[in-house]
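Enquirer: Assemble the whole structure, with the sequences as input and the hints as a guide.
2 protein chains.
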Amino acid sequence: MSRSKNDAARPIGVFDSGMGGLTVLRALHELLPGENIIYFGDTARVPYGTKGEKTVRAFASQDAGLLVDLGVKMVVVACNTASAFALEHLRETIDVPVLGVINPGVRTALAETRGGAVGVIGTSGTIRSGRYQEGLKGGGLGPDRILVQECPLFVPLVEEGMMGHAMTVMAVEEYLRPLRDAGVDTLILGCTHYPAMKEDIGRFMGPEVNLVDSADALAAAAQDRLGELGLLHGGDDRREGELEFYLSDIPWKFQEIGARFLGKPIHEVNTVGLDEMEEAGDHND
Amino acid sequence: MSRSKNDAARPIGVFDSGMGGLTVLRALHELLPGENIIYFGDTARVPYGTKGEKTVRAFASQDAGLLVDLGVKMVVVACNTASAFALEHLRETIDVPVLGVINPGVRTALAETRGGAVGVIGTSGTIRSGRYQEGLKGGGLGPDRILVQECPLFVPLVEEGMMGHAMTVMAVEEYLRPLRDAGVDTLILGCTHYPAMKEDIGRFMGPEVNLVDSADALAAAAQDRLGELGLLHGGDDRREGELEFYLSDIPWKFQEIGARFLGKPIHEVNTVGLDEMEEAGDHND
Chain A
1 MSRSKNDAAR
11 PIGVFDSGMG
21 GLTVLRALHE
31 LLPGENIIYF
41 GDTARVPYGT
51 KGEKTVRAFA
61 SQDAGLLVDL
71 GVKMVVVACN
81 TASAFALEHL
91 RETIDVPVLG
101 VINPGVRTAL
111 AETRGGAVGV
121 IGTSGTIRSG
131 RYQEGLKGGG
141 LGPDRILVQE
151 CPLFVPLVEE
161 GMMGHAMTVM
171 AVEEYLRPLR
181 DAGVDTLILG
191 CTHYPAMKED
201 IGRFMGPEVN
211 LVDSADALAA
221 AAQDRLGELG
231 LLHGGDDRRE
241 GELEFYLSDI
251 PWKFQEIGAR
261 FLGKPIHEVN
271 TVGLDEMEEA
281 GDHND
Chain G
1 MSRSKNDAAR
11 PIGVFDSGMG
21 GLTVLRALHE
31 LLPGENIIYF
41 GDTARVPYGT
51 KGEKTVRAFA
61 SQDAGLLVDL
71 GVKMVVVACN
81 TASAFALEHL
91 RETIDVPVLG
101 VINPGVRTAL
111 AETRGGAVGV
121 IGTSGTIRSG
131 RYQEGLKGGG
141 LGPDRILVQE
151 CPLFVPLVEE
161 GMMGHAMTVM
171 AVEEYLRPLR
181 DAGVDTLILG
191 CTHYPAMKED
201 IGRFMGPEVN
211 LVDSADALAA
221 AAQDRLGELG
231 LLHGGDDRRE
241 GELEFYLSDI
251 PWKFQEIGAR
261 FLGKPIHEVN
271 TVGLDEMEEA
281 GDHND
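Chains as they are written, first to last, in the working numbering: chain A, 1 to 285; chain G, 1 to 285.
These are computed hints drawn from the structure, not numbers from a lab. For each residue, glycine too, the CB sits at the ideal point set by N, CA and C.
Pairs of lysine-lysine residues, derived as BS3-like cross-links and limited to a Cα-Cα distance of at most 30 Å, are as follows:
#, chain 1, residue 1, chain 2, residue 2
1, G, K253, A, K253
2, G, K253, A, K54
3, A, K264, A, K253
4, G, K253, G, K54
5, G, K137, G, K198
6, G, K198, G, K253
7, A, K253, G, K137
8, G, K54, A, K264
9, A, K253, G, K198
10, G, K253, A, K198
11, G, K198, G, K264
12, G, K54, A, K253
13, G, K264, G, K253
14, A, K54, G, K264
15, G, K137, G, K54
16, A, K198, A, K253
17, A, K264, A, K198
18, A, K54, A, K137
19, A, K137, G, K253
20, A, K137, A, K198
21, A, K253, A, K54
22, A, K54, G, K54
Partial pick of chain A residues on the chain G-facing surface, computed with a CB cut under 8 Å:
#, residue
23, A58
24, D249
25, W252
26, L274
27, E278
Where chain G lies over chain A, by a calculated footprint (3+ residues, C-beta under 8 Å):
#, stretch
28, 36-45
29, 124-135
30, 147-161
Expert: And the structure:
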């Protein structure tokens with residue numbers, strides 16, 4: 001594949017702390033089937049959501065650097081925590097457009113709320129960064145219409161495939177009861193893992209509550225931005241874009257977890273060593 | 001503090017994937033109060049238990065290298081997963097004695113079992129490595145007397161401080177029922193996090209089941225080994241040894257999680273950057 005600077009055929013790069021961002025890759029591929037996409041999951045250092053701002057920014061720099069080295073035309077930050085802590089830094093340091101997951105989610109929530117409160121659930125890092133809260137405030141919501149909740153057990157429950165299990169039902173009740181009681185009408189699923197438990201969350205919150213899956217919102221934003229830049233690819237022929245997968249570790253339950261997020265098995269994976277990660281970080285510090 | 005090669009005053013180095021290994025530091029400090037001890041927790045890349053063998057070995061090399069650079073007289077691998085995958089490699093590549101957590105736990109279990117089965121619970125990595133199983137077989141147990149169980153939700157439950165919570169009770173029942181039903185009389189808590197939920201585990205398994213906390217067994221092994229080498233320190237005067245803490249990330253719930261494992265607050269922490277980790281790995285590859 002030719003990867004000269006102005007070539008729309010260059011791939012879109014997507015990175016995440018681990019495998020959860022495959023939901024974003026899936027949404028992108030469904031919306032833009034002609035695009036070539038490279039996915040990088042930092043499975044050796046997952047999760048990001050419990051870790052400090054400086055650490056997440058350093059990791060995100062390496063992740064994005066790796067994708068830039070692979071010749072991508074755009075970097076999509078699928079990870080909410082990395083979007084919260086590193087988006088501005090990445091925009092300042094790398095020379096392709098960088099899209100984060102927070103603003104698209106905020107815009108969708110603002111469009112869907114019917115006058116009630118908007119809830120945001122995410123990792124400790126995402127919630128404590130305050131970025132969703134700032135975005136919603138910037139869109140005109142008063143503080144009484146913004147409710148946030150850290151849900152640290154959701155990621156391990158999803159990784160263990162425990163959707164629908166009594167433990168997941170209990171965790172959903174415990175974390176989400178304050179949001180439901182406060183009359184939230186729109187709930188942002190602010191972590192790539194959470195859409196996998198949409199049914200459990202929807203059952204508890206009730207059918208009248210909008211669940212905002214950032215993956216769809218982010219894919220739409222990528223389409224808009226590529227269109228503006230004249231970099232959309234594959235609209236004419238019917239050839240399906242290539243998907244390439246890079247991971248920094250092959251986790252024990254790789255096949256199982258991969259299929260859970262991507263919706264189909266991953267056949268071929270490139271692994272990226274520690275030394276390559278370090279080099280990738282060098283050129284955008 | 002003087003750190004010449006043969007000086008018993010040199011510190012003991014303890015490393016873990018994160019904060020769980022503070023239980024090992026605590027056991028060491030209680031047994032050997034005169035020893036200076038340096039703790040390194042790789043909080044930027046925690047957990048190790050879900051990650052592949054090669055990745056864990058690379059991380060453990062950097063962790064141990066960092067401690068050697070700080071002048072330790074012995075490296076104690078508090079992390080079960082790192083002990084499972086990296087102990088032999090570390091012994092071949094660094095020039096101070098290296099102690100892992102698996103053999104001391106196996107010896108204690110073999111001494112305590114009363115003819116029933118021995119159970120081992122741990123992370124996916126630890127259980128799938130087969131090291132505990134090999135050790136127990138080597139000690140004469142037949143395969144029908146060895147039962148193992150991965151308990152991937154225990155670590156996040158402990159990190160969230162959910163000991164005694166209904167979700168923890170449910171997870172304990174789900175993971176441990178097969179072991180209890182099979183007549184396990186001795187259960188190895190094969191992860192540094194699990195001793196924090198000893199009460200939940202003990203309540204379900206019953207008072208007649210021995211729970212083997214590897215931290216105590218490991219501290220005793222360190223004492224024996226330092227004695228053999230003539231490197232015990234602080235037996236004469238009553239001065240308490242110094243404890244130093246290094247972490248690769250300051251997690252969001254640092255104070256809370258630290259106190260949970262150490263039993264008291266940590267006042268001063270040194271942080272180790274990504275670049276320093278990489279350099280530490282260089283000299284023992």
